[in-house]
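Asker: All you need for the working numbering is the position in the sequence shown, starting with 1, plus 1.
I should point out that these hints are in silico values taken from the structure, not numbers from a laboratory.
Pairs of lysine to aspartate or glutamate, DMTMM-like flavour, derived with a Cα cap of 20 Å:
{"no.": "1", "residue 1": "LYS121", "residue 2": "GLU80"}
{"no.": "2", "residue 1": "LYS121", "residue 2": "GLU92"}
{"no.": "3", "residue 1": "LYS312", "residue 2": "GLU326"}
{"no.": "4", "residue 1": "LYS260", "residue 2": "GLU207"}
{"no.": "5", "residue 1": "LYS229", "residue 2": "GLU248"}
{"no.": "6", "residue 1": "LYS309", "residue 2": "GLU326"}
{"no.": "7", "residue 1": "LYS178", "residue 2": "GLU141"}
{"no.": "8", "residue 1": "LYS281", "residue 2": "ASP337"}
{"no.": "9", "residue 1": "LYS161", "residue 2": "GLU208"}
{"no.": "10", "residue 1": "LYS121", "residue 2": "GLU144"}
{"no.": "11", "residue 1": "LYS264", "residue 2": "ASP190"}
Note that this is a predicted model, so its numbers are computed, not measured.
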Amino acid sequence: MRKTILRGVERKGSTYYLNRPFPLIGHLYFGLIDRGLNIVQARITSLCNLSCRFCSVDAGQSSRRIAEFMVSDPEWFSEWVDLIVSYKEDEVDVLFDAAGDPVTNPLLPEFIRLTKRNRKVRWVILETRLHGATRELIDELAEAGLDRINVSIDTLDAQKAAYLSGNPSYNIENVLKLVEYAFHQHGIDVHVAPVWIPGVNDHDLEEIVEWAIRNGFGRRIPPLGIQKYVVHPHGRKIQNVTEPSWEEWERFLRRLEDKYGVKLVLSMSDYGLRKSRQFKPPLRRGDETWVIAVGEGPYQHEFLGVTKDYKWTLTLLSKKEVIEEGDIILARIIRDKDGILIAVPT
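Throw the hints in and build the complete structure from the sequences for me.
Answerer: Next up, the structure:
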C-alpha cells in the first residue's frame, strides 16, 4: 500500500494538534461545520475538563474515546472561517462550541479576536460550562470581541452540580460569579442553556429561571434555552432516568413559561437564524476518492483521514482493514450530510 508524509498534524499522547495546511472542514470533532444556516460552528478542541453524567458526546476524563483534537493555529483557522463566511449571502454568526469545552484551548481569545475581525461576522458566541475559567479569561474574551456566552448550568445546588458534572472540583458558585461578571462588567450577553433531566433537576430549573430573570440576561435573544435530555449512541446515560418525549419536554417548558412569564419554547427566529447558502464538499455519497490515513479516530474502528488533495478531512470506518498512518486508500463516501464526510475503504 502506498504511503505519504503527513503535514500539519502532530499527535501527542491521545491528542492530535492541527496546524496549517491540515484542512479544517469535514469532521464532526474539530474545524468548521456549515449546516446551511447563517451560523457556523467553530470547533477548536474536543477536550473537556468535566465528565458530565449525561454528556451527549462522551467528553471528559471518563470518556471512552481513543483520540482527541486540538486546533493550535488561530491564523490558519481564521482563514477557513473567512472562506466559509465569504460564501454566505449575508451576515453570519460564529458559534464556538465543541465535542468538549472551548475553554480547554488556551488560545481561545486569539481565535475569537481573529474571527471578530471579519466584517461579515455579526456575533461571536461561546458555548461553555466555564469550568476552569477565570476573571482574567473573561477580560481577554471581552477584549477579543466576544458577543455572547451560551452557558450550560443545570442546577444551582453545589453538591448536585458537582455530582452531575462528574467532577468534584466543579464550583457552581464560581461559575455564577463569572457569568454575572461577564454580563454586568463587560456587556457580554448571556443565554442560559440547562438540560432538563426529569426527576433530577425539575425544581433546580425554576431556580435557574429566576436567576436569569433577576440578572436581566438575554438582551438580544431570550435569556434561556432549556435543552431536552437526549440519550445518544456514543453519549452517557444517567441511571434510572428515562428520556422524555418531545411532547413531555414542551409541556414542562409551557408550565414554566406560564409561571414566570418568560419565553422558553424557542424557534430558529428567536436566535436570529435562517437558511443560508451552504459551503458543500466536492464529494457526495457514493463517490470514490483517494484518502490519506492520519491515524485512529475517536472510537474503535474509526480513523482520521484527509483527501489526497489536502482540501477536506473525513472519517474512515473499517472493522476489517489494517490502516496505518500515511496509507493512501481508495474509499467510498457513505455520508455527506452538513459537509461531514464518512467513508469506507473500497
